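Peer 1: Can you build the whole structure from these sequences, using the hints too?
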Amino acid sequence: SHCWGTLAGRTDVFMLTRSTLAQLRAPRPVASLPPTFRDAFEIVSRLGLRHLWIDRLCVVQDSPAHWAAEAALMHDIYKHTYLNVSGARRVQRPRRLLLRARSRRHSSCYLRSEWHTQPLVSRAWIVQERLLPPMVLHFGSSQVFWECMALQACDAQPSYPRDEDMSRGQVEGADEVTRLLAEWGEHVVVYSDCKLTMPGDKLVAISGLAKDTQQRLAETGASSTIYLAGLWKCGLANSLLWHRREGHLHPAPPAVYRAPSWSWAAVDG
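With the UniProt record's numbering as the guide, the letters of the sequence shown map in order to residues 1 to 269.
Since the hints were made in silico from the structure, they are not lab data. All clues given are correct.
Restraint-style ranges between C-beta atoms, simulated for each label pair:
1) Cys194 <-> Leu73: 20 to 26 Å
2) Ala31 <-> His51: 16 to 22 Å
3) Ser122 <-> Thr17: 25 to 31 Å
4) Cys194 <-> Asn238: 18 to 24 Å
5) His51 <-> Leu241: 41 to 47 Å
Computed from a predicted model, the values in this text were never measured in an experiment. Just so it is clear, CB atoms sit at the ideal spot from N, CA and C, and this is done for glycine as well.
Peer 2: As structure tokens, this is what we get:
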């Protein structure tokens with residue numbers, strides 16, 4: 001996961017399109033890649049891993065058919081990965097992921113504030129890219145953050161307080177179905193506050209997480225696993241009670257249809 005940026009004028013060369021496919025298939029030294037990608041290769045190598053998937057280089061960006069096919073596989077790609085490497089800070093020019101080690105320690109309030117100011121955290125596609133992988137390694141502006149099912153941590157505080165809004169299987173409830181629906185609701189709240197470059201991707205960018213929730217509902221024997229434009233049929237009565245946060249009361253409707261009016265995905269905020 002990373003903020004794409006402009007890569008110093010080399011966007012076309014290091015983004016997979018129909019016109020760059022032949023160039024990117026040809027062998028090239030890792031040193032010729034942008035710094036962000038070079039660091040990703042180094043991290044993978046240090047961990048002893050053999051494969052690295054980068055959306056910018058693995059999805060044909062100007063092919064709607066290939067993009068749609070790959071978007072449908074996001075659940076499998078991120079759910080079954082070993083580790084997600086995340087470049088959480090902004091990249092307006094080529095920058096390194098790896099930072100010089102620092103030994104500072106800060107309060108949990110400071111670290112929570114620092115974490116939420118990382119640009120990548122505000123991107124909608126990142127929600128499922130944080131929640132589906134078993135482990136995520138975030139390279140921030142001044143230190144490294146870690147997330148997994150058991151722990152959140154960072155360089156300055158190895159026992160970083162968990163972000164309740166992005167809980168990974170920690171929601172309490174009367175039964176498993178109730179817990180899963182409550183967990184989905186919390187994820188939607190976080191997701192709704194995030195930004196999309198393409199507003200029409202509102203449901204697509206969370207489809208991998210929806211597929212994961214659907215599978216987990218099926219495993220619990222839920223009365224229905226039907227997914228309805230961001231809502232679940234087995235909890236539809238409560239799900240229809242969604243509302244927008246303050247400050248988002250009367251927005252202009254999206255220019256492109258993306259969901260029925262009764263779905264939270266029909267509006268922003």
